[in-house]
Amino acid sequence: MIKFVNVSKAYPNGSVALENVNLEIGKGEFVTIVGPSGAGKTTLNKLMLAEEEPTEGSILFENDDINTFNSGQITRLRRRIGTVFQEFRLLPNKTAYENIAFAMEAAGKSDEEIVSDVPHVLQLVDLQDRMFHFPGQLSGGEKQRLAIARAIINQPEVLIADEPTGNLDSRNTAEVIEILKKINDLGTTVVLTTHDPQLIKAVGQRIISMERGRVVGDDSKAQTTI
Amino acid sequence: MFWIRLKRVIKAGWINFRRNSVVSYAAILVTTITLTVVTALFLFQAILNASIANIQSKVDIAVYFTINAPEDQILNLEATLQNLPEVASVNYVSADQQVLAFRDRHNNDYLTLQALDELGDNPFGGLLQITAKDSSQYESIAQVLEGTTDIAKENSQIISRINYSQNKQVIDRLNSLIFNARRVGLILTLVLSLVSIIIMFTTIRLAIYMAREEIGIMKLVGASGAYVRAPFLVQGLLYGAFAWVVTNIIFFPLTYLASVKLSGLIGIDLYAYYVSHFFSVSGLVLVIGLLLGLISSLLSVRRYLNV
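If you read the protein sequences in the order shown, they are chains A and B.
With positions in the first sequence counted from 1, the corresponding number in the working numbering is that position plus 2.
With positions in the second sequence counted from 1, the corresponding number in the working numbering is that position plus 179.
Isolated chain A (complex conformation) (with noise of 0.2 Å):
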């Protein structure tokens, strides 16, 4: 579904985030890359979502070369990749029903679909009471359940997860590996990027090890549970 062929990344200030990277996630897959801060983790979501370009290499999803696409060929891969970061990126100036409606008007969706799934999603994450509150109204873990309601809200084909637990506690990071199982078991394919040894245990499955910008393990058979 996604392929990086001899990608690398380099910024002008000479340091190399990505250097020569070749791998593969299938469709379904749950993928979970680990490393240390600097291994380019977050790069490579970056480059998966269009957000920057490789200095060298081609992201290809399903087959297609990501970075010919022209504006509006991004925003349509866009919608069909649901994202949840770290710092969880929400829309401060809106609530936590508006958040995830705007995502579902970015997509074209109608007012009458809106109204049905928002409350339907929200109540699949927990925040149904939560529903006109504000980000800021709302703690770490309610905040990123909320990242996670918006970003799956169009059902999109791949769940990409920066460091979706680096600002929560114990509960809550369980919470939320939870969540991401579920929507994989769904069939959803969810690339999860991590430091955390402890999740790394918690997920299981795939896993993929970076270190400088390189690849250095891909162990898919890690069948790891909590």
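Please keep in mind that the hints were generated in silico from the structure rather than gathered at the bench.
None of these values were measured; they are calculated from a predicted model.
Glycine included, every Cβ here is placed at the ideal spot set by N, Cα and C.
Here are the simulated BS3-like cross-link-like pairs (lysine-lysine), alpha carbons at most 27 Å apart as the crow flies:
#1 LYS184/A x LYS111/A
#2 LYS48/A x LYS183/A
#3 LYS29/A x LYS184/A
#4 LYS237/B x LYS312/B
#5 LYS190/B x LYS96/A
#6 LYS186/B x LYS96/A
#7 LYS111/A x LYS29/A
#8 LYS237/B x LYS347/B
#9 LYS186/B x LYS111/A
#10 LYS190/B x LYS111/A
#11 LYS96/A x LYS111/A
#12 LYS48/A x LYS203/A
Computed spacing ranges between beta-carbons, pair by pair:
#13 SER172/A x ARG481/B: 41 to 49 Å
#14 ASN15/A x ALA405/B: 29 to 37 Å
#15 ARG481/B x TYR13/A: 19 to 27 Å
#16 ALA405/B x GLY138/A: 22 to 30 Å
#17 VAL370/B x GLU58/A: 47 to 55 Å
#18 ILE429/B x ASN15/A: 46 to 54 Å
#19 ASN15/A x ARG184/B: 38 to 46 Å
#20 VAL425/B x ASN15/A: 42 to 50 Å
#21 ILE429/B x TYR13/A: 50 to 58 Å
#22 SER73/A x ARG198/B: 21 to 29 Å
Let chain A serve as the given structure and place chain B on it in line with the hints.
Showing chain B alone in chain A's frame:
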């Protein structure tokens, strides 16, 4: 789908405008200052034009005729002058009217009136007062009367004197004053407009700079550039519209006060002018406000859409 998107965009713009109240107040305040400057400059131009017209109306060329000049020849000359394209009006004052006006002016000056009575005959001749359409045209009118034209030749016998030469210095100074006043007015308008536009543009840019993270997030959740941009444009239009309302709230009482307190000084009823020119002045100010809000927002958002 277009109408649904339009409805959503307007609603989102209005909600952002309300929720970011501090930023909205600041943007409206600065936009109001810009529109106040623009409106004040319009009114300044109106005062300037009225003052210039007032001064111009007080300047004329007076043609004094000999005592025995036949009245029909004077009236003939009056008709000829009225047909000149440079001439705005020609006023004939007969010898009898002249003496009456003289008596009126000196009604407390017994000695002068006695001297006039002793003369017996009317010592005044007739007079033509000529006003030009533009003060720069007095020279050419004077040339028609004093030069070698047919009109000058035909009437040289009955014309006693023409006061253009005496007035020339005043007229020249007036011309240069009008030219300089208009030039200063135009430069002032351009500079102040430019300064306030830059301040307004910077304020709206700052308001959008504060939302740059939001713009990036919207793009990442799959919103198109146009869908992200549009609510900011609505916000920009709202800044312009609200600032226009505030500007009118300022100028209605202000022009009324100016009319009551300064009407003699500025030579124009500013309130009446503002009300009668409401659609042209205030309408233009509204268009300027909306355009400034729109363009500032458009240029500012564009900068952060590259995500």
